[in-house]
Every structure is written in C-alpha cells, then in structure tokens.
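Asker: Sequence:
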Amino acid sequence: MDRIIGIDYGRKRVGVAVSDPLGIFASALDTVQSAKIIEYLKLYSEKENVVRFVVGYPINMDGRPSEAAKDIDIFLKHLAKAFPDIPVTLEDERFTSVLAHKAMIDGGMKKKDRMDKNSVDRISAAIILQSYLDRQIH
245 MDRIIGIDYG
255 RKRVGVAVSD
265 PLGIFASALD
275 TVQSAKIIEY
285 LKLYSEKENV
295 VRFVVGYPIN
305 MDGRPSEAAK
315 DIDIFLKHLA
325 KAFPDIPVTL
335 EDERFTSVLA
345 HKAMIDGGMK
355 KKDRMDKNSV
365 DRISAAIILQ
375 SYLDRQIH
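Counting in the working numbering, the sequence shown runs from 245 upward without gaps.
Derived by calculation from the structure, the hints in this document are not laboratory data.
All residues carry an ideal CB built from backbone N, CA and C; glycine is no exception.
Below, simulated DSS-like cross-link-like pairs (lysine-lysine); rule was C-alpha separation at most 25 Å, straight line:
#	residue 1	residue 2
1	256	321
2	325	314
3	314	256
4	321	286
5	325	256
6	291	321
7	291	325
8	280	291
9	325	286
10	314	286
11	286	256
Pairwise CB distance ranges, derived in the manner of DEER restraints:
#	residue 1	residue 2	range
12	332	255	16 to 24 Å
13	380	329	13 to 21 Å
14	378	305	19 to 27 Å
Using the sequences and the hints given, assemble the complete structure.
Answerer: The structure is reproduced here in structure tokens:
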C-alpha cells in the first residue's frame, strides 16, 4: 500500500508522520535521532511502499528561507541520494510547533507530556503532512 512520509527535520531530532493508504489522513509515527533518519527511512520503506516525502521547510514571514533551512538543505541532499526515485515536496512549516502544542492541549495531554519534545516533533510532522494531503484532495 502506498504511503507518504511527512518529515519535521531538526538538528537533533526528526519527527516522522505517515499517511493512510488512501492519502487522506496523516498520523504521527515516530521521533528519530537526526543522525539515524536515513537508516530509519530505509528500514521503513522496505516494509511499506513510500511514494513521496513531504519535508517541512522553514520560511520566514518575508518568504525567504530561515537560518534553519541550511540544515534541511543538507538533509535533502542525503534524502535524494538515498531515495533517488521518490519525489520530495517541501511544505511551509511556519507555526507547526505552535499548532502541535495547541493540538496537544486540545487533546487533553498533560503538561508534563507536552514538555516532551519528541511528541512535539511527531505531531509537527503530522501537521506538515496533513497540510500537504489536504491540498491534494481539494
């Protein structure tokens, strides 16, 4: 079954989300150390048919890439080398952390659990992926 992977890349951790087989819903999947993300994605793609990566890309309010974009540009080169046949879409990730915190509060998550950056990264990846999926349907 086809899957689309959402990625919220960070210097230390990477949030990963996955679409359902129909490409309608995004679900938070995992948080992985940045140094191990390519290996993780390779193992995942051996089990599931990954058809696209949607990577959050940090854009400033003026529309230019933010300082963090440099790290993501390096990651994108590694991703393209490891998965030359899988297309990559960049998704504006402005406000995803804010939206992730709001989703955790609205979902009734305890404050202690909301402090866990792994949860924020996973949920941010799901928000990035869901934003992409929503545009594909409409």
